[in-house]
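Build the full structure now, drawing on both the sequences and the hints.
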Amino acid sequence: VLVDIIDDLMQMDLQLILLGSGEQRYQELLAGLPAKHTRKIAVKIGFDNALAHKIEAGADMFLMPSKFEPCGLSQMYSLKYGTIPIVRATGGLDDTIQDYDPRTGTGNGIKFSAYSGPTLLEAVKRAIALYCNPQAWRRLMANAMASDFSWQRSATEYYGLYRQLVDTASRQR
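So the sequence shown is numbered by the numbering used here: it starts at 85 and just counts up by one.
Possibly wrong hints are sitting among the right ones.
As the list claims (entries may be wrong) - Estimated spans, in silico, between C-beta atoms of each pair:
{"hint": "1", "residue 1": "K138", "residue 2": "L245", "range": "37 to 45 Å"}
{"hint": "2", "residue 1": "R255", "residue 2": "I101", "range": "52 to 60 Å"}
{"hint": "3", "residue 1": "D178", "residue 2": "A239", "range": "18 to 26 Å"}
{"hint": "4", "residue 1": "T122", "residue 2": "Y161", "range": "25 to 33 Å"}
{"hint": "5", "residue 1": "A239", "residue 2": "E206", "range": "19 to 27 Å"}
{"hint": "6", "residue 1": "Q108", "residue 2": "Q219", "range": "29 to 37 Å"}
{"hint": "7", "residue 1": "Q256", "residue 2": "V87", "range": "48 to 56 Å"}
Keep in mind the hints are simulated off the structure, nothing from the lab. Ideal Cβ placement from N, Cα and C applies to all residues, glycine included.
In structure tokens, the structure reads:
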């Protein structure tokens, strides 16, 4: 879906860094973009973990418009860096990212549901609008960095669930 909106993104006040690999036709298309959009986009085909962390740590936003994502770690790394993930609501991305609500100040990222260029573009526009509101952006960044995916939190939640099940079973006797 990203390739469907590249030209739209390049018209916006942003810069894009792409790192990764995929289908050959997309790699070839993406590799040619820096020549067409100088100073707007950088593309590195292949994966480099150290570079990925540097990009995530230095970026304001992280696009992860996955069609399918059973878990996903990159969005969790981005959260800890304060880099706001823009993700499609699928699998682990849906589980770990809560869409930011500027009215309540809750949420830790930007989430969209349909796997399509227009919905991704709207999500990017929402993120940029938040970025232009320093108070909302700082709140979103703080929420992102406070996200907790630790074993301690998971164990506490499981304990609470088991406790609830035992209590319910005891009352039904």
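Results of checking the hints against the structure:
1. A hinted range of 37 to 45 Å holds for the C-beta pair K138 and L245, which are about 38 Å apart.
2. Remark: the range hint 52 to 60 Å for R255 to I101 is upheld by a beta-carbon distance near 55 Å.
3. Taking 18 to 26 Å as the suggested C-beta distance range, the pair D178 and A239 conforms, at roughly 22 Å.
4. Taking the beta carbon of each, T122 and Y161 are about 29 Å apart, inside 25 to 33 Å as hinted.
5. Distance hint for A239 and E206: a CB-CB separation of about 38 Å, inconsistent with the stated range 19 to 27 Å.
6. With their beta carbons about 45 Å apart, Q108 and Q219 fall outside the hinted range of 29 to 37 Å.
7. For Q256 and V87, the hinted distance range of 48 to 56 Å is satisfied, since their beta carbons lie about 55 Å from each other.
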